[in-house]
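Asks: Please put together the full structure from these sequences, using the hints given.
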Amino acid sequence: MSEPISDERIAELLDGRLPEAERQELLARLAASGEDWSVFAEAGGVLREAEESESETETEIRIDPPPAERERTIAAVPATPRQEPPSVRQPGRWGRRPARWMALAAVLALAVLGPVLWTRSRGGAEGPGAPAALLASRDALPAGWGDERPWESSLGAGDPLSPGARAARVGALHTDLAVAAGAGDAAATSRLANEIAALLDAEPGGGPAATAYRQLAARAGEPASALRDPLDDAGDAAASLVDGERMTLAAWTEAARIAAARQDAAFFRASATRDALARAAEDSGLSADARQAAARVSGPNVAAAGWPSITRDLDTLLRAIAS
Amino acid sequence: MPDATDPRALFEAHRPWIQKVAGITCRRNSVWGDDAEDFTSLALMKVVENDFAVIRQFQGRADLKTYLATVVVRRFYEWTRERWGRWRHSARAEQMGELARDLEALVHRDGYTLREAAEVLRSRGRTEASDAELARIFAELPARTPHHGKAQTEPLDRVESDDSPERDVEARETESRCREVMDVLFRALAVMQPEDQVLVRGRYGEGRSVADLARVLKTEQAPLYRRTEKLKGELRQAMERAGVGRDDVRDCLGLHE
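So the protein lines, in turn, are chains A and B. The first sequence begins at 294 in this note's numbering and counts up by one. The second sequence begins at 281 in this note's numbering and counts up by one.
Derived from the structure by calculation, the hints contain no laboratory data. Errors might be hidden in some of the hints.
[What the hints assert, rightly or not] Within a straight-line C-alpha distance of at most 25 Å, the following computed SDA-like cross-link-like pairs (lysine to any residue) qualify:
1) B:Lys-498 with A:Gly-327
2) B:Lys-498 with A:Ala-588
3) B:Lys-498 with A:Glu-315
4) B:Lys-498 with A:Gly-592
5) B:Lys-498 with A:Ala-314
6) B:Lys-510 with A:Ser-326
7) B:Lys-510 with A:Asp-576
8) B:Lys-498 with B:Lys-510
Replies: Next up, the structure:
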């Protein structure tokens, strides 16, 4: 049985102070361990939150630092140039598998076999249905929602939508549809489902996906529980047809717009939300304005910016994604 | 400035940090109120006990704050194990955020009914959502086996096990298939680089955020999004090549949750 890993050793790793070979060895050991893994992974998350809050409030506890003490804020950490690590094939570690590993592995395997499959598990974390599922309230869409969209709605004759823009509009409208269906708003459900179907009609091979949405439109008014699986099916069909990443990003952005309209701060604190919006901040396909807007709305204390400001940023982002 | 060679002075200088880290750890793990206060006291005691042994053992190879945070987190796991046995949030709850984690803990760990859990959360000012809204969130969470034999709650129905010979054979076949599935997964994981193993376990096994994992690995956050997606793709291909499907994995969850 291997020696337990000391807290200071874990701290060295978290501080990036180990030579590369030792770092790789320790990471491999932790990735296959039990409680030491939990301490390592959770301490990292706790440190991130603590360091973010310290950098925001600018309060620090100072002691006489050792000469090699590093800057603690993550933003100041230079990207460490990594030499190619040695091959660390350690099937032996993973070969010793306590029973608890089976549950972990099963969860992991399910997540990996997604997103289509994961989406089916009632608003899974990766599919186009996920963002709406995270909204705290199951109210209908705000009054007048959809009368004006952030994206340019009128295109010149013969000026087709780009595939990315179409995918984004499908994603955003899917979120609206999920909200409407969840609230039992039959009129909005029917309208939105037909709108998505019309978008998919223009997509090569879009017939089956469009049909799925039209079938949903025909069932508008049924209980939300009855529409949940058909909604997921339609979303899966659309995501497999269009640019799935763009569709999902727009779905998150639209959900965030709804959350901002409802002042749903919890939505913005969810790690899934922050991760989804933070991706947009790094998307080189978006304009600088859109990336900056995404960076602002994916930060740790978004609500402090004020809801009107958040809404403007989200509109900017969605306009960039969907135009 | 406190004397770096005086453990008591270092403790006093870092007391606010220890309290902050203890508080964050509690909140992240759905521990609050009196329980959180109890743990914070325990965390401070951990550093003080045996004449500040924790600080005297510190060799300066890491940042003292990082070291103390690690000590606090380990003490937290020890304390929760003493108090609740082995418990952690589901990956789904981690992804859904704080409210989902709190609900899951109150119902599955602490044994509250869903209605009682809703009242607790509202009375503590952690949400203003209605019972119906919280029930919808709860419905998105995976079913859990009762913890410490506490009473089950709506909407979790349990079917009494049937000890028929047919079910024994079925269970053995499922178990066997499950082990085959996990062999595929573990073989694929074993050949990954250690950083990638950490990412896969943290991101997909436990639902940890990319931001957290970036701090864990002390690396830039932005490239991790693509990297984790790529890793997921590699694992998925490995499982698909081996003919593993979602139903196979769900059966495993049913066996081992």
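Asks: Hint by hint, note whether the structure agrees.
Replies: Here's how the hints hold up against the structure:
| no. | hint | result |
| --- | --- | --- |
| 1 | B:Lys-498 with A:Gly-327 | holds, 21 Å |
| 2 | B:Lys-498 with A:Ala-588 | holds, 20 Å |
| 3 | B:Lys-498 with A:Glu-315 | holds, 15 Å |
| 4 | B:Lys-498 with A:Gly-592 | holds, 18 Å |
| 5 | B:Lys-498 with A:Ala-314 | holds, 16 Å |
| 6 | B:Lys-510 with A:Ser-326 | holds, 24 Å |
| 7 | B:Lys-510 with A:Asp-576 | holds, 16 Å |
| 8 | B:Lys-498 with B:Lys-510 | holds, 20 Å |
In this structure, every one of the numbered hints holds.
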